[in-house]
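**Q** Sequence:
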Amino acid sequence: MQNQTAQAHHITDIIKVMNGGIEFYQEAKTKLDNSTYQAFFDRMIGAKAEAVQELQPFAIDQQGEVENDTSNMVKARQSYTKLLAKISGDSTTFTYIDQLEEVEDKVLEELDLALERKQAQDCDVTLRRVKVRMKECHDEMKALQVAAQH
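Residue numbers (the working numbering): 30 to 179.
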């Protein structure tokens, strides 16, 4: 089997952002008890968990081990959201949705960065497939964000 270490780029960063997103959605589920959001957040968690699973072989190629860490940027947003939610209880839903939409933006940004680099063909195909699903997640979250503003 050909070693693709030099050909899988930026995959661990994508996984860290997605892992952070999964944690953030799980937290949001506990803070927002609206059943509409619960099902929606479950879909977002499922899509990210599936994408992480698909990308892990390339992370192993890149760094020699499975990537389990989370992104510091996502952790910071999570802390920020917790703080804001404590300060302004009535806008907690919008605060979470707004910050989760920002996480979706970050996921797409990380995928674009990886796709700008020369990847092994199987990695490139996987990244493009994951990006289509993550774009759908982003668009759904953006629609939810707009609806939450009204």
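Keep in mind that the hints were calculated from the coordinates and are not lab data. Being a predicted model, the structure only gives us computed values, none of them experimental. For every residue, glycine included, the Cβ atom is placed at its ideal position computed from N, Cα and C. Some hints here could point you the wrong way.
[Unchecked claim] DSSO-like, lysine-lysine: derived pairs with alpha carbons at most 30 Å apart:
id	residue 1	residue 2
1	Lys-60	Lys-171
2	Lys-111	Lys-160
3	Lys-111	Lys-58
4	Lys-147	Lys-60
5	Lys-147	Lys-111
6	Lys-171	Lys-160
7	Lys-164	Lys-147
8	Lys-160	Lys-104
9	Lys-147	Lys-58
10	Lys-58	Lys-164
11	Lys-111	Lys-171
12	Lys-60	Lys-160
13	Lys-111	Lys-60
14	Lys-104	Lys-60
[Stated by the list, open to error] Simulated DEER-style distance windows between Cβ atoms:
id	residue 1	residue 2	range
15	Met-102	Arg-158	30 to 38 Å
16	Ala-105	Asp-151	19 to 27 Å
17	Ala-177	Leu-112	14 to 22 Å
18	Thr-65	Val-154	29 to 37 Å
19	Leu-144	Gln-82	29 to 37 Å
**Q** Does each hint fit the structure? Answer for all of them.
**A** Tested hints:
{"no.": "1", "hint": "Lys-60 to Lys-171", "verdict": "holds (20 Å)"}
{"no.": "2", "hint": "Lys-111 to Lys-160", "verdict": "holds (28 Å)"}
{"no.": "3", "hint": "Lys-111 to Lys-58", "verdict": "holds (13 Å)"}
{"no.": "4", "hint": "Lys-147 to Lys-60", "verdict": "violated (41 Å)"}
{"no.": "5", "hint": "Lys-147 to Lys-111", "verdict": "violated (39 Å)"}
{"no.": "6", "hint": "Lys-171 to Lys-160", "verdict": "holds (16 Å)"}
{"no.": "7", "hint": "Lys-164 to Lys-147", "verdict": "holds (21 Å)"}
{"no.": "8", "hint": "Lys-160 to Lys-104", "verdict": "holds (22 Å)"}
{"no.": "9", "hint": "Lys-147 to Lys-58", "verdict": "violated (38 Å)"}
{"no.": "10", "hint": "Lys-58 to Lys-164", "verdict": "holds (21 Å)"}
{"no.": "11", "hint": "Lys-111 to Lys-171", "verdict": "holds (21 Å)"}
{"no.": "12", "hint": "Lys-60 to Lys-160", "verdict": "holds (28 Å)"}
{"no.": "13", "hint": "Lys-111 to Lys-60", "verdict": "holds (9 Å)"}
{"no.": "14", "hint": "Lys-104 to Lys-60", "verdict": "holds (16 Å)"}
{"no.": "15", "hint": "Met-102 to Arg-158: 30 to 38 Å", "verdict": "violated (24 Å)"}
{"no.": "16", "hint": "Ala-105 to Asp-151: 19 to 27 Å", "verdict": "violated (33 Å)"}
{"no.": "17", "hint": "Ala-177 to Leu-112: 14 to 22 Å", "verdict": "holds (19 Å)"}
{"no.": "18", "hint": "Thr-65 to Val-154: 29 to 37 Å", "verdict": "holds (34 Å)"}
{"no.": "19", "hint": "Leu-144 to Gln-82: 29 to 37 Å", "verdict": "violated (19 Å)"}
Hints 4, 5, 9, 15, 16 and 19, counting from the list given before, are not met by this structure.
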